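Engineer: This is what each chain is made of:
There are 4 protein chains.
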Amino acid sequence: MSHDPIQPTRDDRFTFGLWTVGNPGRDPFGAATRAVQDPCRIVQKLSECGAWGVNLHDEDLIPFGSSAAKRDGIVADFKKALDDHGMVVPMATTNLFSQPIFKDGAFTANDPKVRAFALQKTMTAIELGVELGASTYVFWGGREGTETDACRDPQEATRRFRHAIDYLCEFVKDRGYDLRFALEAKPNEPRGDIYLATTGHMLAFIATLKNEEMVGVNPEVAHESMAGLSMTHNVAQAMEAGKLFHIDLNGQRIGRYDQDLRFGSEDLKQAFLLVRLLEGTAGTTPYTGPLHFDAHAYRTEDDAGVWDFARGCMRTYKLLAERARGFDADSEVRDIIAAMTDAAIDPLLGAPYSAASAEALRAMPIDIDTIAKRGLRYERLDQLMIENLMGAR
Amino acid sequence: MSHDPIQPTRDDRFTFGLWTVGNPGRDPFGAATRAVQDPCRIVQKLSECGAWGVNLHDEDLIPFGSSAAKRDGIVADFKKALDDHGMVVPMATTNLFSQPIFKDGAFTANDPKVRAFALQKTMTAIELGVELGASTYVFWGGREGTETDACRDPQEATRRFRHAIDYLCEFVKDRGYDLRFALEAKPNEPRGDIYLATTGHMLAFIATLKNEEMVGVNPEVAHESMAGLSMTHNVAQAMEAGKLFHIDLNGQRIGRYDQDLRFGSEDLKQAFLLVRLLEGTAGTTPYTGPLHFDAHAYRTEDDAGVWDFARGCMRTYKLLAERARGFDADSEVRDIIAAMTDAAIDPLLGAPYSAASAEALRAMPIDIDTIAKRGLRYERLDQLMIENLMGAR
Amino acid sequence: MSHDPIQPTRDDRFTFGLWTVGNPGRDPFGAATRAVQDPCRIVQKLSECGAWGVNLHDEDLIPFGSSAAKRDGIVADFKKALDDHGMVVPMATTNLFSQPIFKDGAFTANDPKVRAFALQKTMTAIELGVELGASTYVFWGGREGTETDACRDPQEATRRFRHAIDYLCEFVKDRGYDLRFALEAKPNEPRGDIYLATTGHMLAFIATLKNEEMVGVNPEVAHESMAGLSMTHNVAQAMEAGKLFHIDLNGQRIGRYDQDLRFGSEDLKQAFLLVRLLEGTAGTTPYTGPLHFDAHAYRTEDDAGVWDFARGCMRTYKLLAERARGFDADSEVRDIIAAMTDAAIDPLLGAPYSAASAEALRAMPIDIDTIAKRGLRYERLDQLMIENLMGAR
Amino acid sequence: MSHDPIQPTRDDRFTFGLWTVGNPGRDPFGAATRAVQDPCRIVQKLSECGAWGVNLHDEDLIPFGSSAAKRDGIVADFKKALDDHGMVVPMATTNLFSQPIFKDGAFTANDPKVRAFALQKTMTAIELGVELGASTYVFWGGREGTETDACRDPQEATRRFRHAIDYLCEFVKDRGYDLRFALEAKPNEPRGDIYLATTGHMLAFIATLKNEEMVGVNPEVAHESMAGLSMTHNVAQAMEAGKLFHIDLNGQRIGRYDQDLRFGSEDLKQAFLLVRLLEGTAGTTPYTGPLHFDAHAYRTEDDAGVWDFARGCMRTYKLLAERARGFDADSEVRDIIAAMTDAAIDPLLGAPYSAASAEALRAMPIDIDTIAKRGLRYERLDQLMIENLMGAR
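Going down the list, the sequences are from chains A, B, C and D. So for the first sequence, the working numbering puts the first residue at 141; every next one is plus one. So for the second sequence, the working numbering puts the first residue at 141; every next one is plus one. So for the third sequence, the working numbering puts the first residue at 141; every next one is plus one. So for the fourth sequence, the working numbering puts the first residue at 141; every next one is plus one.
So that you can see chain A by itself, here it is in the shape it has in the complex (with noise of 0.2 Å):
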């Protein structure tokens, strides 16, 4: 056995989807390239690689119309997988995508029987991951959004997407289920435009929720990407906020259809600041939920290649935690980022206003020439930054 320092281990809490490892090599354009595993042999393997949990949708384990005594025959061959493997499942989620009855939404689609019946699957795929010990549960809309945006007035579809989230809170307290929710946005695909297209825009929903305490967020890498937006200032602020319940690792170029790639494979130094950010190796908090990778295997890859693709996510994640505690040990970047600080200014920053305050802070001479000459040194930092993850300092 080796001594491998990047060696993932199940204390680092990473989890994978069975969609992800499963995906069987399906695109737009070509057929599947690998064959449907069984979720049990999805299990077995991943705890052989070193994961710690396995997620899933309902329709991941349980087939869409699957009869009671079938899916309880499926649960307890799973629990006994996870079971004999020492995994856990700590997230679920519904799948609300994938049945052509989606096609014009779930929670926001414009026919009521539609909206009705998304609920009632969201219900009993709630009570399948209360069964497999979940305790987030995600939703993920990637029908409610529009090709063409006259088919329904945008603000309607904000109220019918706050209704079946307060209502499902309402469902787990009344059955005392020890769940939080963690709401994960994408700004287009498989819709046009999907409401609510960043976790910006779902820190701002959740504010309007009559539970909001109950719900956070799940940021994934590929969908704040796609749209160029910064992964790390999305989980900054929902940290902030103290709303990042769960997060989804991947890679994914900008400007891209859904790649889902490998974590780490594209924009490395994004990658690096995220793990840095989830890690706090600079002093802050760290995020010490689970770490889910929601990406799958290049469509080149058969069995062997899904295992390397899995160890790969987790080997990279590691490295990258390696070379960010290196970096915020490095004594040229402490230096260069260490606080700044005004005897003069920060007591009248720090107060609380009053009228007599801001007028000592109005008062205050700033040397705005001196200030601004002065050089901040951040391209010598960022190339600390560069050699630090080139395992070059």
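Calculated directly from the structure, the hints in this document are not laboratory data. Watch out, some of these pointers could steer you wrong.
All copies of an identical chain are treated as equivalent in the list; a pair is satisfied when it fits inside any one copy or across any two copies.
Straight-line alpha carbon distances no greater than 30 Å define the calculated DSBU-like cross-link-like pairs of lysine-lysine that follow [unchecked claim]:
#	residue 1	residue 2
1	513	253
2	220	313
3	185	253
4	210	513
5	513	185
6	313	458
7	220	350
8	210	350
9	458	253
10	253	313
Since the structure is predicted, the reported quantities are computational estimates derived from the model, not experimental observations.
Starting from the known structure of chain A, arrange chains B, C and D on it as the hints suggest.
Structural biologist: Relative to chain A, chains B, C and D alone:
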């Protein structure tokens, strides 16, 4: 005088910034192509074009570093021009981006002296705005971001920005000003990544403020469109939350530098959908605030071209409004988007959650195959939109 | 029968692919929402809608792996349908992307067996196309790219692709077929990056072929637009080089997955400019080849919606052509874009280079300040385009 | 003196433009943050940093409108500085974008006087470049585009641009200069759309020139990346065609304004792949021309930061070259990408086309199922690339 129905009038509430029609055509690769204009002449020309108001940054009117006497003289002349030409100043804002002292940010800069200076400058600029009659005060944090994210904890940036807005709310309340704040998001440029990248992020941030009722948003077409997001969805989320305090209209292609093109000159369908929402032609509550054009003329234009540009913004808005009214009066459109109802389900969806109603809802039979197969006629709907937009219905 | 001037007729040379109106609405996140259609019915329905022709991939008509007898039966039925409904097959192409064997590419794959199979399949498909009367053969290399560029030397990929096209040109010449090739570029999807990403790259590649006179391009709106490039500029470069052999019309937002929306449903101004160029309404040489719609109906549509979609593509094209004619007949437009001449300079710019003429040119005085200050009236020009487009002139 | 293996030396052929390290930090939203630098000091500082050469636009050295005497004095001083510091000028170019006269384009402008002036200016600037020893002359047509495409026929724009390049080739030949042209593409900015948007479009255009052997390309990382295209693919196509005459190295995020960031500071994997291709570490023919950094320091930097930036560009290039050599020496990598051969097929693919060989090729049995199922180990390959890049192998 013409009876042209798309001729702008004061009743249309159209406004322009001094910096928009006054833009001399400088860009990162070339010098100005037009002379700098006198603010009083801008007021006169805008009035002649049919605009209702003019907006400004402090430095658009008062050169940075002006003496109090010079400032007062400029203000007196400007107020006279407003009176002479029947124009108002509905909105004012602070330039916190041009001066080199803001190169690391203004309210989020690492140096407390810069943060103090940004507060000083803003309090002074608020006084100017109030003196000119402004009832909305906009914050656009063009420098509140980074090129290299290692330079500061992005959570701390949020806290610094919150401090500034909370502080300035208190200042306004303390002074008894009748003034609301409108926060304007932009994903990038001039900085590599700007904090609070979209209207969604701003709405989420506002929910964390001490005086959140005083603070709304100022979405800008170009800013949401740069990231490929739907301006209409962003505005709708703001309207639904009662937070659309102001709006910046212009044109922009996705994934480009900030173009600030003539309103309606890009993505005509999105412009149509936006005007339809603002005007409420589909029966929703209209927006009744100022319609501000934050755009500027091509660099190829001389003075006459600038006023062609200004007239074009307003004419296209009115033409789109007319087309939107036609679309929503079209019986084929009304038929396609007529509200769907279900006598059994609607009461269950309309009532508050209870264990009993949830059980009733779960017991409702839904004929998913029939619903899935039903065509929704959205291609026809979108084609009707195009044909209405093109004046062919 | 209506006299609607935008009603499509056979003379308009409109074509659709079997795969377009036959698209069942499957996407990466959901199952098909419409039944697979019989090709003969598609021929009938397209004819009823006013189309002139139908195009196809080999596998659109002949299921992969069909016996010769089955193939011949299908072809006979299809030809009868074409005859019955007065339809032609102007273009055919090979599906080199759906089968898993192409997961690493077809003509550029690393395995020589895959490259050989791609040639086999294409020769057979060319025979099919010729049998159906096609005079244009399209190559879209959807799998000719990479997710990880380390897998092959991209220069070698170019050489492999060139070998295939050179080889197939010889095959066509050897057979005496009256067939030209049209290469279709796409920057990404289904692969992470596709070689020869744009029409420009294809034109450059064609210039290196042995039989370059046989080979032109097939630009597609969606493909150039994904990368934010101007479709009009790409088509113009191809037309100026005599290389516009075919065209794929549809709609697409920048920076998205391949949407293949109804023609004209996105970026109406670019669609207008494209139709204006193709129709030559500004006095340039028109394009006279097939006008092919490579688009498909929203997933929300049933069969009736598919034909609404098809009619919409054609109606919008005709409406844009009408608007373009109006624009170019508008005297104010003609005045702004009238050719500029200079009696002294034009002869120097028109003559071939000589040392003497170069000296004469360098000696010409140019009044740069006056020229720099002159306004070009492009804002007015663009506004006239918008008002014409919207039917308001 | 350090033995740091990534310390730049003259042998590395690194060059910078006067306009890069001399950039004063002005942007569209703010004033300069650094003083304008004397060109002779730039030469000295670059030499101290380990650069080999310096490149320039005419106006970087000679202010627009200078007298002949002033020009000669500046040139004499500059040549002395080059000699004193052992620096060369491998490349020169014309500024055809800053002066307002070029607001409608230079070689493609509608006014023949502007086109004549652009030729005048370029001939003079070529003389300057030759006098300073340049062997490559770059053309970047920043103003050769449009905001509103109705202003000119884009085919005519191509013809005008061709006339200019053909004319200037003749000028160079007539003078007997040892000078090649390198055309640099950019998709947009400062214009809304620029003609000949990518390196591919330029290569296609070059194939239509009278003296095409004199003309190659100058691809720029930022320009291809803005449109989300693969810089590596663009450079490979140019290298395969023998047309990579020069290269512009920098950093850029997709879908942004032109950032011109420090080389390697964005998209480290693409930077790695590019350096690997340029250095030929995988066994391909290396590029041996100048390695030019067309980048500038963040606006936050003072003079010291500018030289940190310059050193960073070069250090990262050398570090990437070292990592690329390690990657290509890695036996696991070599195993995955080893050339695939087939004794039966290779001769058929290697021979020229004949009817007989085509029949033989078509008769070859291909076991498509076996090939389709085989995993290609590309996830492992990509992971090896990441781990090599991060210095962890």
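Engineer: All hints, please: hold or fail.
Structural biologist: How the hints compare with the structure:
1. For a Cα distance limit of 30 Å, the shortest separation of residue 513 from residue 253 across copies, 14 Å, qualifies, whereas the shortest one inside one copy, 64 Å, does not.
2. Taking CA atoms no more than 30 Å apart as the test, residue 220 paired with residue 313 passes inside one copy only; the shortest distance there is 28 Å, against 63 Å between copies.
3. Proximity of residue 185 to residue 253 under the C-alpha cut-off of 30 Å is found in neither arrangement, the shortest distances being 40 Å within a copy and 33 Å between copies.
4. When the C-alpha separation of residue 210 and residue 513 is checked against a cutoff of 30 Å, the pair qualifies only between copies, where the shortest distance is 27 Å, while the shortest distance within a copy is 72 Å.
5. Taking the shortest alpha-carbon separations for residue 513 and residue 185, only the inter-copy value of 20 Å comes in at or below 30 Å, while the best intra-copy value is 58 Å.
6. Neither within a single protomer nor between protomers do residue 313 and residue 458 lie at most 30 Å apart by alpha-carbon distance, with minima of 37 Å and 50 Å respectively.
7. Taking identical chains as interchangeable, the C-alpha atoms of residue 220 and residue 350 are never at most 30 Å apart, the minima being 38 Å within one chain and 51 Å between chains.
8. Neither within a single protomer nor between protomers do residue 210 and residue 350 lie at most 30 Å apart by alpha-carbon distance, with minima of 37 Å and 53 Å respectively.
9. Taking identical chains as interchangeable, the C-alpha atoms of residue 458 and residue 253 are never at most 30 Å apart, the minima being 47 Å within one chain and 39 Å between chains.
10. Taking the shortest Cα distances, residue 253 and residue 313 sit within 30 Å of each other inside one copy (24 Å), while across copies they are farther apart (49 Å).
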